[in-house]
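K.L.:
Given chain A, work out where chain B should sit, using these hints.
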Amino acid sequence: MKRFLIIVLLLNFSCKEASKEVVAQVKNSEAEVKSDIDLKIYDYDGLEPLINKTDGKVHVVNFWATWCAPCVKELPYFEKVNAEYQDKNVEVLLVSLDFPRQYETKLKPFIKAKKLQSEVVCFDDVDQNRWIPAIDSSWSGALPATIIYKDDKRQFYEKSFTYEELKTEVQQFLK
Amino acid sequence: MNFSNHKRQNTNTYGVSKTLGLLAAIVCFVSLTAFTITTDGGYDIGDVATDFSLENIDGKKVSLADYKTAKGFIVIFTCNTCPYAVAYEDRIVELDKKYASKGYPVIAIMPNDTDVKPGDNMQAMKARAKAKGFTFPYLMDDGQKIYPQYGATKTPHVYILEKSTKGNIVKYIGAIDDNYKDASAVKTKYAENAVDALLAGKEIEQKKTRAIGCSIKTK
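In order, the protein sequence lines correspond to chains A and B.
FYI, the numbering for the first sequence is 1 to 175, going by the UniProt record's numbering.
FYI, the numbering for the second sequence is 1 to 219, going by the UniProt record's numbering.
Just a few of them, taken from the derived set where beta-carbon distance is under 10 Å, the chain A residues facing chain B:
#, residue
1, W67
2, C68
3, P100
4, D124
5, R130
6, A142
Far from chain A by the CB rule (all over 10 Å, computed), these chain B residues:
#, residue
7, Q123
8, K126
9, K132
10, D196
11, I204
Bear in mind the hints are in silico, worked out from the structure with no lab data behind them.
It should be emphasised that the depicted structure is a prediction, and the values quoted were computed from it without experimental measurement.
Don't be surprised by glycine CBs; every beta carbon is placed ideally from N, CA and C.
Extracted from the complex, chain B is given alone in its bound form:
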């Protein structure tokens, strides 16, 4: 499928007739949604996400169940060594500052094998968290048992969960926003929009987005 052709077709036909324009818009919309349907293992929207007990940079174990008053979570698989993850550090801190008090704290999980990436070991995680002023837990996925269950493939990779009586339901999977290079040039804040929708009890418009990231490192 060729996205740009649909787009071109769409804008061109609108000038000709409104009906054709509408048709093309539907084709464009359908092809857009078609792209977002993929299931390569891991969670899809609506699945119940597993809880965990992972070691934080302060040496204590952290579980989602510890957060009695939270409405949900912004779980972000991230690390020290990936330039994309580094580019988003300040924005992850901002997310936590903005949403922890509203019931959606950030929970950061470092999924890489630290033998492959020593720059992501616990000591380095502590140093990075201190240097960047992380206000949220930064957990080690020791044994790499959690990220495969979520289906995370890269850093950064965001999962927004909503607490329910059935457990923590996956509501959003993907990117933080649409500009890794320049926070001031961002047009759509995907993760914020998703949490805002959840807080307002509305449907999330973009439930899945893609972004480039570093593959999660394994032996």
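For reference, chain A alone in the conformation it holds in the complex:
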């Protein structure tokens, strides 16, 4: 009993600490990039509502990073889905797992160079053993990974997509 409580208290404490840090980081990045790119940084508690919306829309959530070659290769397909299905209530969210020290040097220049139109958020939470299985019990932790969901219907993919494959999956949610 005592041990459970200690674990729970520890978890609770670490989450509070983590969110404090994130608030500070968000503030910093907002100050730095006011006229630049507005990058929001979340820990898992912050990200969770963004990947569990119940608004009747189809949400395509892609976990990626600029250093992940297969992720970069498939990004244009997500962009294409975002553009082509915008009027069909489909929203793409690109969740970047780039390291915080590279937000300014790698991530922002990448977003600018590729002119990414889908929403990009940063996800920075070291307690991966907590949030990887919470996002999907089958996720081993490899990138890229994608969730497609609409309200309660949900699919998880630990794989790379071609555009055709991605389109087929998205269309299943539009039926």
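P.N.:
Only chain B this time, still in chain A's reference frame:
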């Protein structure tokens, strides 16, 4: 299942009554363990891991069977090109320094297709091992035949094996620790705890953990 809800429920109810608190703690614990049960091919805890004969950076072939006096192995699928793998290099060296003498040497295996990732070819592996002072074998999974048998999906991906009369039994699968960013901020050293438990003849508390890594590259 929503983990954070369980957690919230748990802390809130404890204030109300101890019984409810205990119930919630059990729910929390059960949901935690439920997450760790996955079998997507490859080995699970308790399986016998295959031996191999793979080329090391010194040109010699290495097999687990070569290690006559080892009690087990810390097999780590890792590479040069993945930032997560790079973030753990020093910690992998430390693991070998700490546990090789106790009977659990590190055996590093590079699983990527080097046509897809030329930065992981044998020459690059040699250079990286020299630069970082690897004290353990760094083997090429030539033909990519070994990692699928283990069920490795990413780098770094750790398999801790214990030698037995039946072969090398898989005792732990997952991450090295719980903070890829900052070794000094680590709260739980999963891999060390697992080896410590094996050395002490105790049950490993966390037999499976998850961490982000780079997918293993194939054609």
